[in-house]
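> For reference, the chains in residue letters:
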Amino acid sequence: MEALAAIERDAELMLRVRAGDETSFAVLLDRHRAPVVHFLYRMVQNDAVSEELAQEVFLRVYRSRATYEPTAKFTTWLFRIATHLALNWIRDGKKEKGQESLTDAVEGAERQVPDRQPTVEQELLYEVKLREVREAIGMLPEKQRAAVMMHKYEELEYSRIAKVLNCSESAVKSLLFRAYETLRARLAHMA
Amino acid sequence: MDCLKNAGSGAETLLDYCSGALEPARAVELERHIENCPQCFRAVEAQREVWEALGRWKAPVVSADFNARLYARIALENEAPAWRRWLRRLAQPAVPYALWKPAAFAAACAVIAVGFLAQMPADRHAPAPQTRMETDHVDIEQVANALEELDLLMPATPSTPASANPM
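Line by line, the protein sequences are chains A and B. If you're matching positions, the first sequence starts at 1 in our numbering and goes up one per residue. If you're matching positions, the second sequence starts at 1 in our numbering and goes up one per residue.
No wet-lab data here; the hints were simulated from the structure. Computed from a predicted model, the values in this text were never measured in an experiment. The beta-carbon is built from N, C-alpha and C at its ideal position, and this holds for glycine as well. Heads up, some of the hints might be wrong.
Stated by the list, open to error - Listed next, the in silico DSS-like pairs over lysine-lysine satisfying Cα-Cα at most 30 angstroms (straight line):
id, chain 1, residue 1, chain 2, residue 2
1, B, 58, A, 173
2, A, 129, B, 5
3, B, 5, A, 173
4, A, 143, A, 73
5, B, 58, A, 143
Said to hold, decoys possible - Derived list of chain B stretches under chain A, where covered just means 3 residues or more per stretch with a C-beta under 8 angstroms from a C-beta of chain A:
id, region
6, 12-23
7, 42-52
8, 59-68
9, 73-85
Said to hold, decoys possible - Distance windows between CB atoms, simulated:
id, chain 1, residue 1, chain 2, residue 2, range
10, B, 87, A, 91, 19 to 27 angstroms
11, A, 88, B, 87, 18 to 26 angstroms
12, B, 87, A, 119, 54 to 62 angstroms
13, A, 88, B, 108, 22 to 30 angstroms
14, A, 155, B, 83, 39 to 47 angstroms
15, B, 78, A, 93, 26 to 34 angstroms
16, A, 171, B, 81, 39 to 47 angstroms
17, B, 113, A, 48, 47 to 55 angstroms
18, A, 178, B, 105, 25 to 33 angstroms
19, B, 29, A, 91, 40 to 48 angstroms
20, A, 155, B, 9, 17 to 25 angstroms
21, B, 87, A, 124, 49 to 57 angstroms
22, B, 83, A, 189, 57 to 65 angstroms
23, B, 31, A, 157, 21 to 29 angstroms
Please construct the entire structure, taking both the sequences and the accompanying hints into account.
Here you go:
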């Protein structure tokens, strides 16, 4: 019920934005900024690029306010824009040009993790494991990667991932099964 | 419960179980099953490990000036002339246009048109001039013959009574 209310609230806010209410846009931005940036970060594996793409996502939402119709869930629409931009960026080969060093990225992620003081050895082990996870995900085909990101980190249902990726629900399940199978094989040694 | 490897929806059950999305009753059923099925136990363990490994990857905190940068871009965009904003909306839609649908429709129409033209008889497209001339010739002959036959069939006219009745 809470989720349904939130979804309806998003659509309502967007309709208000359409009517010219700038405050509603600020509310939408605050609600969805972090999930969009995090999704894009895991897709492109680059801190600066993910924020740049997230800005573009919200800019496009703002630009489309006049023509917005609540036919689909707002977050589905939002992730569709984000996925489209991320896949375009990956396909354009900007990955090679703009990728920050792996060490920097790991350090960026590490900043949030320690809730107790780890030893140097534990820290090194964590970095190695994290690098393996990132590499394993990075090696997945684009659509599989997007499906896993939405399933694992955004906790979207199969039907919503299908709408974002513009394919059938069974195609999404197939993408996910193959992706997790690949990841199980690649990360098996980490157990 | 069937083995995860055998059942058609086994892979889905496995993912749902490890992500915590499986209905509680089915989760209990699966847990009972894996106690006695080493193959399914290994599959669940492997998926759980992947799930946990992915969970280690935390995304960085969003920059504090994210909103400020976005609003600056929006302000810049609002200052642009209306035609440029319109052009930008057209060139950079929120979600990509589904161009393949009209393209597929046009391609299908083209294939049908080509097939239809190929099926049509050739003489309907380009009439042979010689055949036409022959047709014209035959028509004239037919008309002449018809006139002759008409003459023969004509009854004797009253202007020639002498020849008709010499008595």
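> Give a verdict on every hint.
Hint by hint, here is what the structure shows:
1. 58/B with 173/A: Cα-Cα ~25 angstroms, so holds.
2. 129/A with 5/B: 28 angstroms, holds
3. 5/B with 173/A: Holds, at about 15 angstroms.
4. 143/A with 73/A: 21 angstroms, holds
5. 58/B with 143/A: 21 angstroms, holds
6. 12-23: Contact hint for the region 12-23 of chain B vs chain A: holds, 3 residues under 8 angstroms.
7. 42-52: holds (count 6)
8. 59-68: holds (count 7)
9. 73-85: holds (count 4)
10. 87/B with 91/A: 19 to 27 angstroms: With a Cβ separation near 24 angstroms, residue 87/B and residue 91/A satisfy 19 to 27 angstroms, so the hint holds.
11. 88/A with 87/B: 18 to 26 angstroms: Given about 19 angstroms between the Cβ atoms, the range holds.
12. 87/B with 119/A: 54 to 62 angstroms: For residue 87/B and residue 119/A the Cβ distance comes to about 58 angstroms; the hint holds.
13. 88/A with 108/B: 22 to 30 angstroms: At 28 angstroms between Cβs, range holds.
14. 155/A with 83/B: 39 to 47 angstroms: 42 angstroms, holds
15. 78/B with 93/A: 26 to 34 angstroms: Given range 26 to 34 angstroms: holds, Cβ gap about 33 angstroms.
16. 171/A with 81/B: 39 to 47 angstroms: 43 angstroms, holds
17. 113/B with 48/A: 47 to 55 angstroms: Because 52 angstroms falls inside the window, the suggested range holds.
18. 178/A with 105/B: 25 to 33 angstroms: This hint holds: roughly 32 angstroms between Cβ atoms.
19. 29/B with 91/A: 40 to 48 angstroms: With a Cβ separation near 43 angstroms, residue 29/B and residue 91/A satisfy 40 to 48 angstroms, so the hint holds.
20. 155/A with 9/B: 17 to 25 angstroms: Holds, since residue 155/A and residue 9/B (Cβ atoms, about 20 angstroms apart) stay within the stated range.
21. 87/B with 124/A: 49 to 57 angstroms: 52 angstroms, holds
22. 83/B with 189/A: 57 to 65 angstroms: Holds: the Cβ-Cβ distance is about 58 angstroms, inside 57 to 65 angstroms.
23. 31/B with 157/A: 21 to 29 angstroms: With a Cβ separation near 23 angstroms, residue 31/B and residue 157/A satisfy 21 to 29 angstroms, so the hint holds.
The structure shown violates none of the earlier numbered hints.
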